[in-house]
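Trainee: This is what each chain is made of:
There are 2 protein chains.
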Amino acid sequence: MSEQEQDNVPKVEDREEGQDLVEGDGSTVPSKNELKKRAKQAEKEKKAAEKAAKAKEREEAAAAAAANEPDYSEGLYGKLPLNQSQEITGRERISFRTLNASRAGETVLFRARLHTTRAQAKMVFLSFRQRIDTVQALITADKDKVSKQMVKWVAGLDAESIVLVEGTVQKTNEPVKSTTITDCEIIISKIHLISGIDSRLPFSFEDAARPESEYEKDDARYNKVLLETRLNNRVFDLRTQTNQSIFILQSAVTGLFRSYLDSQGFIEIHSPKLQGAATESGASVFKVEYFKGSAFLAQSPQLAKQMAIAGDFERVYEIGPVFRAENANTHRHMTEFTGLDLEMTIEESYEEVITTLDELFLYIFDGLTTKYLREIEQVEKQFPADRFKWRTKEQGGTLRLKWWEGNELLKAAGVELDPFEDLNTENEKFLGKLVKEKYDTDYFILDKFPLAVRAFYTMPDAKDSRYSNSYDFFMRGEEILSGAQRVHDAALLEQRMKEHEINPESMKGYLDAFKMGMPPHGGGGVGLERVVMLFLKLNNIRRASLFPRDPKRLEP
Amino acid sequence: MSEQEQDNVPKVEDREEGQDLVEGDGSTVPSKNELKKRAKQAEKEKKAAEKAAKAKEREEAAAAAAANEPDYSEGLYGKLPLNQSQEITGRERISFRTLNASRAGETVLFRARLHTTRAQAKMVFLSFRQRIDTVQALITADKDKVSKQMVKWVAGLDAESIVLVEGTVQKTNEPVKSTTITDCEIIISKIHLISGIDSRLPFSFEDAARPESEYEKDDARYNKVLLETRLNNRVFDLRTQTNQSIFILQSAVTGLFRSYLDSQGFIEIHSPKLQGAATESGASVFKVEYFKGSAFLAQSPQLAKQMAIAGDFERVYEIGPVFRAENANTHRHMTEFTGLDLEMTIEESYEEVITTLDELFLYIFDGLTTKYLREIEQVEKQFPADRFKWRTKEQGGTLRLKWWEGNELLKAAGVELDPFEDLNTENEKFLGKLVKEKYDTDYFILDKFPLAVRAFYTMPDAKDSRYSNSYDFFMRGEEILSGAQRVHDAALLEQRMKEHEINPESMKGYLDAFKMGMPPHGGGGVGLERVVMLFLKLNNIRRASLFPRDPKRLEP
Chain A
1 MSEQEQDNVP KVEDREEGQD LVEGDGSTVP SKNELKKRAK QAEKEKKAAE KAAKAKEREE
61 AAAAAAANEP DYSEGLYGKL PLNQSQEITG RERISFRTLN ASRAGETVLF RARLHTTRAQ
121 AKMVFLSFRQ RIDTVQALIT ADKDKVSKQM VKWVAGLDAE SIVLVEGTVQ KTNEPVKSTT
181 ITDCEIIISK IHLISGIDSR LPFSFEDAAR PESEYEKDDA RYNKVLLETR LNNRVFDLRT
241 QTNQSIFILQ SAVTGLFRSY LDSQGFIEIH SPKLQGAATE SGASVFKVEY FKGSAFLAQS
301 PQLAKQMAIA GDFERVYEIG PVFRAENANT HRHMTEFTGL DLEMTIEESY EEVITTLDEL
361 FLYIFDGLTT KYLREIEQVE KQFPADRFKW RTKEQGGTLR LKWWEGNELL KAAGVELDPF
421 EDLNTENEKF LGKLVKEKYD TDYFILDKFP LAVRAFYTMP DAKDSRYSNS YDFFMRGEEI
481 LSGAQRVHDA ALLEQRMKEH EINPESMKGY LDAFKMGMPP HGGGGVGLER VVMLFLKLNN
541 IRRASLFPRD PKRLEP
Chain B
1 MSEQEQDNVP KVEDREEGQD LVEGDGSTVP SKNELKKRAK QAEKEKKAAE KAAKAKEREE
61 AAAAAAANEP DYSEGLYGKL PLNQSQEITG RERISFRTLN ASRAGETVLF RARLHTTRAQ
121 AKMVFLSFRQ RIDTVQALIT ADKDKVSKQM VKWVAGLDAE SIVLVEGTVQ KTNEPVKSTT
181 ITDCEIIISK IHLISGIDSR LPFSFEDAAR PESEYEKDDA RYNKVLLETR LNNRVFDLRT
241 QTNQSIFILQ SAVTGLFRSY LDSQGFIEIH SPKLQGAATE SGASVFKVEY FKGSAFLAQS
301 PQLAKQMAIA GDFERVYEIG PVFRAENANT HRHMTEFTGL DLEMTIEESY EEVITTLDEL
361 FLYIFDGLTT KYLREIEQVE KQFPADRFKW RTKEQGGTLR LKWWEGNELL KAAGVELDPF
421 EDLNTENEKF LGKLVKEKYD TDYFILDKFP LAVRAFYTMP DAKDSRYSNS YDFFMRGEEI
481 LSGAQRVHDA ALLEQRMKEH EINPESMKGY LDAFKMGMPP HGGGGVGLER VVMLFLKLNN
541 IRRASLFPRD PKRLEP
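Sequence lines, in order, name chains A and B. If you count the first sequence from 1, position 158 lands on 158 in UniProt numbering, and the numbers rise without skipping. If you count the second sequence from 1, position 523 lands on 523 in UniProt numbering, and the numbers rise without skipping.
Incorrect hints may have been included.
Because identical chains cannot be distinguished in the list, a pair is counted as satisfied if it fits within a single copy or across any two copies.
In silico SDA-like links for lysine to any residue, alpha-carbon gap of 20 angstroms or less [claimed, not checked]:
| no. | residue 1 | residue 2 |
| --- | --- | --- |
| 1 | Lys508 | Leu231 |
| 2 | Lys463 | Thr89 |
| 3 | Lys287 | Arg324 |
| 4 | Lys436 | Glu405 |
| 5 | Lys371 | Ser263 |
| 6 | Lys389 | Thr369 |
| 7 | Lys508 | Pro556 |
| 8 | Lys287 | Glu326 |
| 9 | Lys152 | Lys381 |
| 10 | Lys287 | Lys552 |
| 11 | Lys143 | Glu69 |
| 12 | Lys292 | Pro556 |
| 13 | Lys79 | Ser161 |
| 14 | Lys438 | Gln86 |
| 15 | Lys498 | Gln149 |
| 16 | Lys287 | Gly276 |
| 17 | Lys552 | Gly293 |
| 18 | Lys152 | Tyr363 |
| 19 | Lys122 | Arg466 |
| 20 | Lys429 | Asp183 |
| 21 | Lys287 | Pro551 |
| 22 | Lys190 | Glu160 |
| 23 | Lys393 | Ser506 |
| 24 | Lys463 | Leu82 |
| 25 | Lys292 | Arg553 |
| 26 | Lys79 | Ala491 |
| 27 | Lys292 | Leu80 |
Keep in mind that the hints were calculated from the coordinates and are not lab data.
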């Protein structure tokens, strides 16, 4: 952090003592310790404000003195009028991605955030930021172009301001350590303020971006920004290079998901989130006031995508919000998340579906690591993790365990299990650990779940109806996809509904779709944020959601 | 329609007399005439059921007689056991897209719907359907392979059943007129039922697929299937080749939207639909029961995408549901539709945004007509329309009218207007007509709307604050995109909120995002279903929505 920032940015003393916000299943009620800290912080903020006010006074006095000297830099700096599209020059503004020493000598123009400033006698060292990229810059008073007044004005700019800068690219003698662009810097000739700061920053950018490992080394030294504080100030938090990378990667996952499925003859559908009845599972559904009646928010596009199959769409996917009214405050639950759903007809066996889903995931993993390595490495700087591992086709392909094989692994490790009961979260994680040890993969498929633990529309196994043609996919020991061959026979579906104590009449529209010729089919649903969280080992799903929603959070 | 279908399918006598369901702003209450028709239909259905029962009896008697003869076709036909993935042969099943006379002599295997059957003495003419494609087929009793029993069984199959067929491709002497594949047919050697029909079809496939022009020629001759009847039985309705094409085209629009924006450095975001407050416009927002409190469904991702810009995302788009609690029963309103939204930073002027949006639309129009011409032509068979016209870059590019130029066109045609009031739907349509006549384009941009008719976050024009930096895009005289440069200055935004009688405190999270350095930016929102409806001239937005939602419809 530059000295100037140290002065201007209030220190946020919410140093973390124990768990991060609901990192496990923890509570979010502030502890006494936390309340004390907050009082301490308020006091600090007050002092910082006083200090800042004094600094401003000094600055204004100096400016008044300088005002008496002639300013030969007029027009080269200052605040721009509000941009209302009044002028078009068409002049190119560069992206930092194109900046390197080969452009030395070139005059360039760019819009960027002021990342840091450090003022010395007659010069200011600065760095500018565009998303992930930062570059060093310098302005020095001289006798004909850059006046003292101009340098002073630059020194007074707030970090995070948006500026328009013109300058010359200069090769650096030694690699710059503090910026991402290391072989060149900018010698500023013009600088204007496009958009300034009207409020205090909630925490310092540097604190927000500091690697988790730094805290582990010396817990007391830095202000750790709590996840809750981040989420309360999400817009500012999103600017860190880590978060820029996380959401570039999130966008990449949906892009790869689509391009693979498009290549396999799928089409994208958009099914309604407003439902006439609370169907799939009545307990965890949100109720909506709908004119004079009620509607319910879809918990998944499950029924709609099956109906699209009944409508001859053959292969469909949907990317959209799904809503779960579960009062679960854990590291991996949200009340709204992005579902990546697909459904396809089956020719012979649900093996076709598993293969499609598996190839989809291999395509995504491969695409991320080949095309987005820089973003992955950027995230790893803040969240150190063993890089995500999977078995390529050349390495024998994805590990597929049968349900009972998974159970055997756990039993051999001393876990007591009922073979027809679902695995709890702890055992899932432990299975992931055992698989990693034995097979050196963070990604595997568990196939043939007990019928009793799956939804009513799951197809029973042909030979042993205690099992089913259903599967979960795991990443780092957590479920990221659940899917199955579905029951396509109307009579069997009705029977299965009754066995699940669902009144078939309550799902008439859905059931009717099966009575006019329904092909065998299967599919699955993926949680986008879970995939991103687990691929990058972010430890909390909220970090993979732009503006997360949970039972206690509806803002921002 | 085949004779057999005539016997089995109940005639649905909901012949349309006036307007289609809410084709304009019409009511959906059944008329007396309609009630009479329904009674008549019930009577017809009863008779048809009796007739069908008798036919079945006869068939069973014949089968019993035939059973005494040895059946040398055993194993070549019949109902397959329920597919529970019990067998994997890996044998290829073909897609009709690959079928043509060049494959003559080949034995092929495929899954398809039984489209039509017509039985003669010892043979059955059939046609099979896979989505848009149909092929003619034939089975004839012979002395060693195809028994009389087999032919009889085939003749008794219900239309819309899903079957597995093996046969030989045979070149036809004359082009087949009734199927899409015209130069070859299938000589059936094996046929099995995968999934049969357990209920009556709500209307005949042929009636559902009949061109609108046929009714115009002879309104009394055919059963017109009302839109409401279609939507009540949407799964079956979706199977028509027209609907298959509409949703392939809908999927293509989102695919083209994304691929263009991806190429321009945008990333995809997913913003929450659950909101803590009813912000943007309180009147038309759905309220959700949220644990012990309330939430509201987002009417657009407007605020979230602007906050993403404040979070340095630079260029974002979102494809997702938007919710409007407007009790509007028109041909172009739904309570839930798919929004295609984008937002981007501006370097100099909102011209950059208009250009991006315009190039996006040209890319979509061009992509649809070059890659999806077959689907467009398929839809035109049922909904005849003058093909959508736009001006390519070579033809001078898209017409951009200023607000006052649009007004002048209308005034010159005799319309009285207040120049600072918004255009009503009628005048919008009329303007579209005038533009088409004068400029020969179905697509144009109207720029510089009066400030007073736009949302509070719209940037006023730099020179004349009665106008604003905002625009609508039109297709066939209907608005499909609304957008603007946004106010990025926190103080001006607060002032504009107050002028719109919005309490800035109620939108604190949003407003705060502007106080930490906000770049100039702009964007727009597109209604996916409107684009599809207007491109294809479907006349009702529900036809472009998989399972449409309006104030009166939440099912299926």
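Trainee: For Lys122 and Arg466, with the copy left unspecified, which applies at a CA distance of at most 20 angstroms: within, between, both, or neither?
Mentor: neither (80 angstroms within a copy, 47 angstroms between copies)
Trainee: Indicate which option fits the pair Lys438, Gln86 if close means a Cα-Cα distance not exceeding 20 angstroms: within, between, both or neither.
Mentor: Result: close neither inside a copy nor across copies, 65 angstroms intra and 30 angstroms inter.
Trainee: With identical chains treated as interchangeable, where does the CA-CA distance between Lys287 and Arg324 reach 20 angstroms or less: within a copy, between copies, both, or neither?
Mentor: For Lys287 and Arg324, both the intra-copy (11 angstroms) and inter-copy (16 angstroms) Cα distances are at most 20 angstroms.
Trainee: Are the CA atoms of Lys152 and Lys381 at most 20 angstroms apart within a copy, between copies, both, or neither?
Mentor: Close neither inside one copy (35 angstroms) nor across copies (72 angstroms); limit 20 angstroms.
Trainee: Treating 20 angstroms as the Cα threshold, decide for Lys292 and Pro556: within, between, both or neither.
Mentor: Cα proximity of Lys292 and Pro556: across copies only (19 angstroms, versus 30 angstroms in one copy).
Trainee: First find the shortest C-alpha distance between Lys429 and Asp183 inside one copy, then the shortest across copies, and answer within, between, both or neither for a cut-off of 20 angstroms.
Mentor: Answer is neither: 45 angstroms inside a copy and 58 angstroms across each miss the 20 angstroms cutoff.
Trainee: Can you give me the call for Lys79 and Ser161, within, between, both or neither, at a CA distance of at most 20 angstroms?
Mentor: within (11 angstroms within a copy, 72 angstroms between copies)
Trainee: Classify it for me, Lys393 with Ser506: is the Cα-Cα distance of at most 20 angstroms met within a copy, between copies, both or neither?
Mentor: For Lys393 and Ser506, neither the intra-copy (45 angstroms) nor the inter-copy (54 angstroms) Cα distance is at most 20 angstroms.
Trainee: With identical chains treated as interchangeable, where does the CA-CA distance between Lys436 and Glu405 reach 20 angstroms or less: within a copy, between copies, both, or neither?
Mentor: This pair counts as within: shortest intra-copy Cα distance 15 angstroms, inter-copy 68 angstroms.
Trainee: Reference check for the pair Lys152 and Tyr363, CA-CA at most 20 angstroms: within, between, both, or neither?
Mentor: neither (53 angstroms within a copy, 49 angstroms between copies)
Trainee: Since the copies are identical, ignore which copy is meant and state whether Lys552 and Gly293 lie within 20 angstroms (CA to CA) inside a copy, between copies, both or neither.
Mentor: between (27 angstroms within a copy, 10 angstroms between copies)
Trainee: My question is about Lys79 and Ala491: at a cut-off of 20 angstroms on alpha-carbon distance, are they close within one copy, between copies, both, or neither?
Mentor: Classified as between; 15 angstroms across copies, 73 angstroms inside a copy.
Checked against the numbered hints above, the structure violates hints 9, 14, 15, 18, 19, 20, 23, 27; every other hint is satisfied.
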